[in-house]
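Chains A and B, in that order, give the protein sequences.
Residue numbering for the first sequence follows the working numbering, beginning at 0 and increasing consecutively.
Residue numbering for the second sequence follows the working numbering, beginning at 266 and increasing consecutively.
Derived from the structure by calculation, the hints contain no laboratory data.
Just to be clear, a hint being listed does not mean it is correct.
Quick look at which bits of chain A chain B covers, simulated, 3 or more residues with Cβ under 8 Å [stated by the list, open to error]:
id, stretch
1, 61 to 74
2, 77 to 85
3, 95 to 107
4, 125 to 136
Computed spacing ranges between beta-carbons, pair by pair [stated by the list, open to error]:
id, chain 1, residue 1, chain 2, residue 2, range
5, B, L356, A, S105, 54 to 60 Å
6, A, S106, B, D504, 29 to 35 Å
7, B, M602, A, V111, 44 to 50 Å
8, A, S106, B, S534, 57 to 63 Å
A short list of chain B residues far from chain A (calculated; beta carbon distances all over 10 Å) [stated by the list, open to error]:
id, residue
9, Q405
10, G426
11, I503
Yeah, the Cβ is synthetic: ideal placement off N, Cα and C, and Gly gets one too.
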Amino acid sequence: MKCDLCNKPAVVHEVSITGGKKKEVHLCLEHAQAAGVALPGQQPINKLLTKFVIGQAPKTSGMQCPDCGITFAQIKRANLIGCPGCYNAFQDSLGSLIEHAQYGASSHVGRVPNRKHTPNQFELRARKLMKELDAAVTAEQYERAAVLRDRLDKLSTDVHTEKKDEQVEEPGS
Amino acid sequence: MTAPVDNEIPDNDIVLTTRSRLARNLADHPFLNRASDMQNALVMQTAQRVMLEAPLSEKTLWMDLDELTPLDRALLVERHLISRHHAESSLHRGVAISSDEHMSIMVNEEDHLRVQVLRKGSRLDETFEQLMRIDSMLEQHLDYAFHDQWGYLAVCPTNVGTGIRFSVMVHLPALRITNELAKVQRAAKELHLAVRGYYGEGSESTGHIYQVSNQVTLGRTEEEIQEEFSKSIIPALIDYERSARNVLMKKNSMLLDDRIQRAYSVLCSARLLKVDEAMKLLSRVRLGAALGHVDLSLQTVDDLFVQIQPAHLNQQAQSTLSDNDELELRALLVRNMLSQ
Numbered sequence: 000m001k002c003d004l005c006n007k008p009a010v011v012h013e014v015s016i017t018g019g020k021k022k023e024v025h026l027c028l029e030h031a032q033a034a035g036v037a038l039p040g041q042q043p044i045n046k047l048l049t050k051f052v053i054g055q056a057p058k059t060s061g062m063q064c065p066d067c068g069i070t071f072a073q074i075k076r077a078n079l080i081g082c083p084g085c086y087n088a089f090q091d092s093l094g095s096l097i098e099h100a101q102y103g104a105s106s107h108v109g110r111v112p113n114r115k116h117t118p119n120q121f122e123l124r125a126r127k128l129m130k131e132l133d134a135a136v137t138a139e140q141y142e143r144a145a146v147l148r149d150r151l152d153k154l155s156t157d158v159h160t161e162k163k164d165e166q167v168e169e170p171g172s
Numbered sequence: 266m267t268a269p270v271d272n273e274i275p276d277n278d279i280v281l282t283t284r285s286r287l288a289r290n291l292a293d294h295p296f297l298n299r300a301s302d303m304q305n306a307l308v309m310q311t312a313q314r315v316m317l318e319a320p321l322s323e324k325t326l327w328m329d330l331d332e333l334t335p336l337d338r339a340l341l342v343e344r345h346l347i348s349r350h351h352a353e354s355s356l357h358r359g360v361a362i363s364s365d366e367h368m369s370i371m372v373n374e375e376d377h378l379r380v381q382v383l384r385k386g387s388r389l390d391e392t393f394e395q396l397m398r399i400d401s402m403l404e405q406h407l408d409y410a411f412h413d414q415w416g417y418l419a420v421c422p423t424n425v426g427t428g429i430r431f432s433v434m435v436h437l438p439a440l441r442i443t444n445e446l447a448k449v450q451r452a453a454k455e456l457h458l459a460v461r462g463y464y465g466e467g468s469e470s471t472g473h474i475y476q477v478s479n480q481v482t483l484g485r486t487e488e489e490i491q492e493e494f495s496k497s498i499i500p501a502l503i504d505y506e507r508s509a510r511n512v513l514m515k516k517n518s519m520l521l522d523d524r525i526q527r528a529y530s531v532l533c534s535a536r537l538l539k540v541d542e543a544m545k546l547l548s549r550v551r552l553g554a555a556l557g558h559v560d561l562s563l564q565t566v567d568d569l570f571v572q573i574q575p576a577h578l579n580q581q582a583q584s585t586l587s588d589n590d591e592l593e594l595r596a597l598l599v600r601n602m603l604s605q
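Only chain B is shown next, with the shape it has when bound in the complex:
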């Protein structure tokens, strides 16, 4: 079986997004967990000034999280531009986002700065290059905390050194169906990789979507870690999943088609949908779209994964939805998008 060719978004039959991020802290400033209110404010002030002055992207938006409504914060989480932890925090936290949403820099999350570049599909090399460019620009304006032995200093020992974390969000339904996922998880553990859910740290997998990221940030160069990810880890994940899909197609073709078509039918006719149920069904339909069993673009499914989240629905309705209204609007949105 050959993967669907999509020149614009490479390997998006399996890879939803790739991300590179850095943890950085300012020299001579206490870390967030030991800083006073005023010290946190000073870090925010310094960061805001730099974010708006340095040419980090064509257009950079700065947001003070204290001034955003809980709904706006939730929207940023659902778009993976800030973490849940950052959204739930209290004072003096901000984020700089490029208007194309590829770059986001969280200020006063766990570290003073968390710089990330996120792209659709398998584009780790591009995200890494852009991240390094942004880091070099920031260094012209900021004095980073750095130690000769331990490199860039971080709040948590797991981020010391390069402070770099690569992560790939992959859709692995066939490995789950063929019960091969546990093997992948064991292999990932041996390679010191973390396997997490849709929203990263502390989240469960929804819709057979997993985030795989490196755990070691010290003792290897940024390029070495990136090369291993680009040339070994991501291709291996893609190969495993494609092989599992081939096995399913050969051995249980009718069963597989049945599952996909049932999911598609439910999504096309449901009047009320919970988010977890919708994610599970969309996962099967996504597999069907990747295998050519349903006439639907992968991009439509991936857009739906985001659009059906609670904050996006509330935003669309321009009001606070009751639980039942939320289920109804979600089902309507899915029906409309699938029928287009």
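In isolation and in its complexed conformation, chain A is listed as follows:
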């Protein structure tokens, strides 16, 4: 027998007699669920339980922080945030977590950074190399990762050497 609403096989058959008139309804699985009719043996769990609370799962629970990849569920479990970017990625959900931890306080009113630090050439190059290194490790390109690591080491050595040279030159300059 086919579903009353489509051509799929009907799995729910309901016969009711109201005022002497017999009414038959035959529905497929999809239309039965859409109409809120439970299949035999498929009683919704909320009807089986005497006490239950329907919780609205946070929309962010499965979402990942675009910067560090952590999910909100992971943050909530450990009470540890992954990176500065998480604060924007999970703004709403983190708000309630922070308010709870801070006994209801929700906004900063204290000190603000005096001067936004501008990253120097060393930091910019190092950050770029770090990102490339992360990508190489993720892609299992270990030879490339080793090259990038050596470059990072060299960059660090160069900076220290440059600093020392500057210090030596200073008195005469």
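For this one, chain A is given, so just place chain B on it according to the hints.
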């Protein structure tokens, strides 16, 4: 009863130390729990460069914890310059310490930076001023993670906002003896204060020494939190303990003296001492020194609290002590210092 006057270390009959600390993180860097090995190394490198270049103190020492022996790390913990958590960690963690040991900056502890200023006695205002000066200097070199609504960003939501935590280490034996400590703990809870043991988070109280610190770091300015601590919380703790000492002196003077003198005698004659036992006995003797029952400076007792810890004893012996040797050396050290 009036407290012993010590112009150099204010209120040290009750307050051992005061501390101000900040949690700070670098912008554009993942926090420690999500960072790769190389990313942690980069934070270390950046921090080390700044610590050695910025004039944070007259002389700043930088230590890479990976290069220190477990004994050296334990020494730093016993001097409250790094946390136990920091000492037990694995890679890419360091600390900058001023040679007078007032300032320490832990790198890659829970947050990228934990900046602290620690002083003996009740000197919160001084520690706060110095901390703010250090923070301003660091800001000239580092780009901190900051959010318009939540202020300075931290790994744990409990540190967001100002990132500031004030803490006072107090000796409260009379409140313990008079069973009034529970009331203080309840009051502290209502004021959103944490009460912890000698080594801070996760540690038990030893020798009736407690660390009291603020839990709220958001929604109030640094100055507001500091003022409440300086003008209300620390004076209240001092008043409660002094009142309890007065009650003891009036009602159970002989019993109190008996406890103090017994503790003093044991410390003067013991040949083997466990650290917990020594701390308990020293606590009573410290109370006696504060009340003038024993002729001993509070500073000697406070120095002993540190010197009798296991790493300090091992360091003094210049070797790894067996359990029994450690007990023996501790007892000898206490006898020598008390007889001076």
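Now for the hints, and whether the structure bears them out:
Closer than 8 Å: that is the beta-carbon criterion, and the stretch 61 to 74 of chain A has 4 residues meeting it against chain B, so the requirement of 3 holds. Remark: the stretch 77 to 85 of chain A is confirmed as covered by chain B, as 7 of its residues place a Cβ nearer than 8 Å to a Cβ of that chain, reaching the required three. Counting residues of the stretch 95 to 107 of chain A whose beta carbon lies closer than 8 Å to any beta carbon of chain B gives 11, which reaches the threshold of three, so the coverage claim holds. Coverage of the stretch 125 to 136 of chain A by chain B holds. Counting CB-CB distances below 8 Å, 6 residues qualify, and the rule asks for three or more.
Distance hint check: the CB atoms of L356 of chain B and S105 of chain A are about 36 Å apart, inconsistent with the given range 54 to 60 Å. Judged by the Cβ atoms, the range 29 to 35 Å given for S106 of chain A and D504 of chain B holds: they are separated by roughly 34 Å. Distance hint check: the CB atoms of M602 of chain B and V111 of chain A are about 48 Å apart, consistent with the given range 44 to 50 Å. Taken as a hint, the range 57 to 63 Å holds for the pair S106 of chain A and S534 of chain B, whose Cβ atoms sit roughly 60 Å apart.
Distance to chain A contradicts Q405 of chain B as a non-interface residue, since its nearest Cβ pair spans about 7 Å, not more than 10 Å. Listed as outside the interface, G426 of chain B is inconsistent with that label: its C-beta sits roughly 5 Å from the nearest C-beta of chain A, within the 10 Å cut-off. Every Cβ of chain A is farther than 10 Å from the Cβ of I503 of chain B; the closest lies at roughly 25 Å, confirming the non-interface assignment.
The structure is inconsistent with the numbered hints 5, 9 and 10, although it conforms to all the rest.
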